[in-house]
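With my numbering, the residue at position 743 of the sequence shown is 1971, and numbering never jumps.
Please note that the accuracy of each hint is not assured.
Said to hold, decoys possible - Listed next, the in silico DSBU-like pairs over lysine-lysine satisfying Cα-Cα at most 30 angstroms (straight line): (1) 1901 / 1856; (2) 1657 / 1483; (3) 1986 / 1481; (4) 1258 / 1459.
Quick caveat, the hints were computed from the structure, so don't treat them as lab data.
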Amino acid sequence: MQHKKTLLLFISCLCSGFLTLAQNSILSGKILDHDGKPVSDVQIQMLKADLVTFSDSLGNYTLEVPSGKKIFFKASVVGYETEPFNVTLQPGEHLVRNVFIEQNNTMLGVVEVKDERIRGEVGTIGVNTENVDQLPSTVGGIEGQLKVLVGSRNELTSQYTVRGGNFDENLVYVNDFEINRPFLVRSGQQEGLSFVNSDLVSSVNFSVGGFQARYGDKMSSVLDVTYKKPKSFSGSAMASLLGFQAHLAGASKNKKLSYLVGFRQKSNRYLLQSQVTKGQYNPSFSDFQALLNYKISRKFEIEFIGNYALNRFRFEPESSRTAFGSVTQALAFNVRYEGSEIDQFDNAFGGISLTFKPNKRWRLKLLGSVFQSNEQETFDIMSEYQLSLVELDLGSANLGKDKISLGSGAIHRFARNFLNANVANVGLKGAYDGGNHYLSFGADMTHVAINDRLMEWERRDSAGFSIPYDPYQVNMYQSYRANNKLEYNKASAYVQDNILLNKQRDMILSLGLRATYTFLNKEMILSPRANFSFKPDWEENIIFKIAGGIYAQPPFYREMRALDGTLNTDLKAQKSAHFAAGTDYNFIALGNRPFKLTAEVYYKSLWDLVPYEYDNVRIRYAANNNGKGYAYGGEVRLFGDLVKDAESWVSLGYLKTMERILDPATNTYGDYKPRPTDGRVTFGVFFSDYLPQNHNFKVYLNMMYATGLPVPPPGFTFNKVESFRLPDYKRVDIGFSALLLDGVKNPARAYSIFKGVKSVWASLEVFNLLGISNTLSYEYIQSLNTDMNFYIPNRLTSRLINFKIAAKF
1229 MQHKKTLLLF
1239 ISCLCSGFLT
1249 LAQNSILSGK
1259 ILDHDGKPVS
1269 DVQIQMLKAD
1279 LVTFSDSLGN
1289 YTLEVPSGKK
1299 IFFKASVVGY
1309 ETEPFNVTLQ
1319 PGEHLVRNVF
1329 IEQNNTMLGV
1339 VEVKDERIRG
1349 EVGTIGVNTE
1359 NVDQLPSTVG
1369 GIEGQLKVLV
1379 GSRNELTSQY
1389 TVRGGNFDEN
1399 LVYVNDFEIN
1409 RPFLVRSGQQ
1419 EGLSFVNSDL
1429 VSSVNFSVGG
1439 FQARYGDKMS
1449 SVLDVTYKKP
1459 KSFSGSAMAS
1469 LLGFQAHLAG
1479 ASKNKKLSYL
1489 VGFRQKSNRY
1499 LLQSQVTKGQ
1509 YNPSFSDFQA
1519 LLNYKISRKF
1529 EIEFIGNYAL
1539 NRFRFEPESS
1549 RTAFGSVTQA
1559 LAFNVRYEGS
1569 EIDQFDNAFG
1579 GISLTFKPNK
1589 RWRLKLLGSV
1599 FQSNEQETFD
1609 IMSEYQLSLV
1619 ELDLGSANLG
1629 KDKISLGSGA
1639 IHRFARNFLN
1649 ANVANVGLKG
1659 AYDGGNHYLS
1669 FGADMTHVAI
1679 NDRLMEWERR
1689 DSAGFSIPYD
1699 PYQVNMYQSY
1709 RANNKLEYNK
1719 ASAYVQDNIL
1729 LNKQRDMILS
1739 LGLRATYTFL
1749 NKEMILSPRA
1759 NFSFKPDWEE
1769 NIIFKIAGGI
1779 YAQPPFYREM
1789 RALDGTLNTD
1799 LKAQKSAHFA
1809 AGTDYNFIAL
1819 GNRPFKLTAE
1829 VYYKSLWDLV
1839 PYEYDNVRIR
1849 YAANNNGKGY
1859 AYGGEVRLFG
1869 DLVKDAESWV
1879 SLGYLKTMER
1889 ILDPATNTYG
1899 DYKPRPTDGR
1909 VTFGVFFSDY
1919 LPQNHNFKVY
1929 LNMMYATGLP
1939 VPPPGFTFNK
1949 VESFRLPDYK
1959 RVDIGFSALL
1969 LDGVKNPARA
1979 YSIFKGVKSV
1989 WASLEVFNLL
1999 GISNTLSYEY
2009 IQSLNTDMNF
2019 YIPNRLTSRL
2029 INFKIAAKF
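Generate coordinates for the entire structure from the input sequences, incorporating the hints supplied.
Written out as structure tokens, the structure is:
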């Protein structure tokens, strides 16, 4: 009897254990994109719990979950998004639930491209566009993020340099159309809006080097932007002390027609008034963009993109006072001005494309575009200066005032520069998805027509004598005059194959060849390129990659025009052999938060270089292929949620780029010297946070440090080796944002004026929080009466407060 009781007790315990185990249920399925293709490494998380898993290489996932209650889940991965979903499972139930996710770079602030084929590309970065209007930046938009990432040293321009290249070495594409920029812009304060309108953007890929053959003929970087295809009505508006912008998006009832329109107006008068030079600043920059897409049938769709930009800059300088020197010898440079500057840069762009998709494997796209730029730069400004020694005696009643005059003089600058540029392009792009092979190909023809009239001179006077001094005549310090007309054609073609080398899809080889022929100088260029990536079968989600190739940049009009305005139409393309290797590591830390660590090293061998110098943001070329050089360095970047659901990142880079110039007198190359972009160390940080008790109050912080660029000595010639450097660039911008209205969680009533409004954010920004006076360049002053030379710093903006309000509907 006792044995029976013991047996019954054992059976009861065993059944109880099985019943306890049966309380849990199984949820499984596939993670698929909008084309039905599996997506790997997607995080599936039970909300308000630590239960989490990841999809495998085939998109499969499995979770053991509690039963008998409603449970909410969210699938997330960098580059995709989906709405949370919920399930209620009975004990022991096994539910199969496939989850579809949409591409949208919204998880991390700046992250590597997520598709496994693209994630393996060396140097490719994806950029978050979701909260651009809340980030503190003087230029705003996508470029505002890129400048901190790559290490820009001028907050007044949206242009950037990458891995030792200059502004002219960067490609920009919008919906497969290549975008040109204005020619005559001399300074950041003249520069208008960049082409890319962040309100219209769906996704952004940014390559810092080693890019594939499908991209065009530049040597440094590619910014590849795709605009939205809206499925329903939406819009936004933003106003600040620096300007206004708004956009509308929508689609027809049958979803065949979609539209995007955006308007931006920027006036950086408020920003420029914080500069050393005081006067009447009257800048006005406006642009209008439209994107229309019509789906003719299941196989055909047509798209139009248009942009018209009106940029005006008027400036009447009055005075400036620049203090510089040391604690033992303080100097002051005082200037009084007469005259004005009036600039006008009008740009128009129109592009139309026809896409044909006969089936799921083939895609063909015919493109045609026209770009026109009408630019004029006119100024006539006389400046009279006095250079003085400043009183430093703490006991003196004149402390901080000018004590002794070290020299005086005048500088008269005059320009009447007019340029008309027309660039027309027609091309065909195609792609074939063969499973293990993804073949892309294309060809295009470009026609360039330039009409340029240059008249610019500068006269300098010191102690009553013109510089350079001549007792018998008055000489100009600089004088340029030219009248150029130029027309030429350029043809290019490429073929590229992305190959999955095994069934596990963890080894990808990309082979490509680009060919370019310039009819003007009859130069044919072949550019082979290769990229290999390998994802080992480890628990860690890590990819190793290596790339190499030849990159060439056929000369555009800017490179052909020498300092004196003459043209060298025989100029050959600048060329480089680029080698890069890196790793990309996705991991979970700090309580199931996603992080990404990337590291890359690179080396470039450069030849047929065209030496140049910087004049603020304008680049002046020597118009000769008489340089060769090299560049090498590396970058380490960490992206992730240091604070839960608040993206942050840090970037550290090192660069060394040198060149040597052919001396025409001896026909030998001189010693190596730093190139104008030899910036050495860059360090950038983006950090975001929120109040622990209220996530509607957020803070965004941008920090930037970069070592100074080289500065050529007086009497500059391209083959001089000696130089010194600008002071290091240091800047901190901070922004505070508050969600004033959340129309998603708390919809407005039917009769409310806020009906349909999704959100309203208010932001307070402090630019240059630490009030650091960064130096952009130097003005060289020669004093004949003291036989001394001085470098007067041209400084950038000081601390400034901005307020903006943004609404989405």
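Cross-check of the supplied hints:
A hinted pair counts as satisfied when its Cα atoms are at most 30 angstroms apart, and residue 1901 with residue 1856 qualifies at roughly 11 angstroms. A distance of roughly 25 angstroms separates the Cα atoms of residue 1657 and residue 1483; the hinted pair therefore holds under the 30 angstroms criterion. For the given pair, residue 1986 sits about 22 angstroms from residue 1481 by alpha-carbon distance, which is consistent with the 30 angstroms threshold. The suggested pairing of residue 1258 with residue 1459 holds, with an alpha-carbon distance near 25 angstroms, which does not exceed 30 angstroms.
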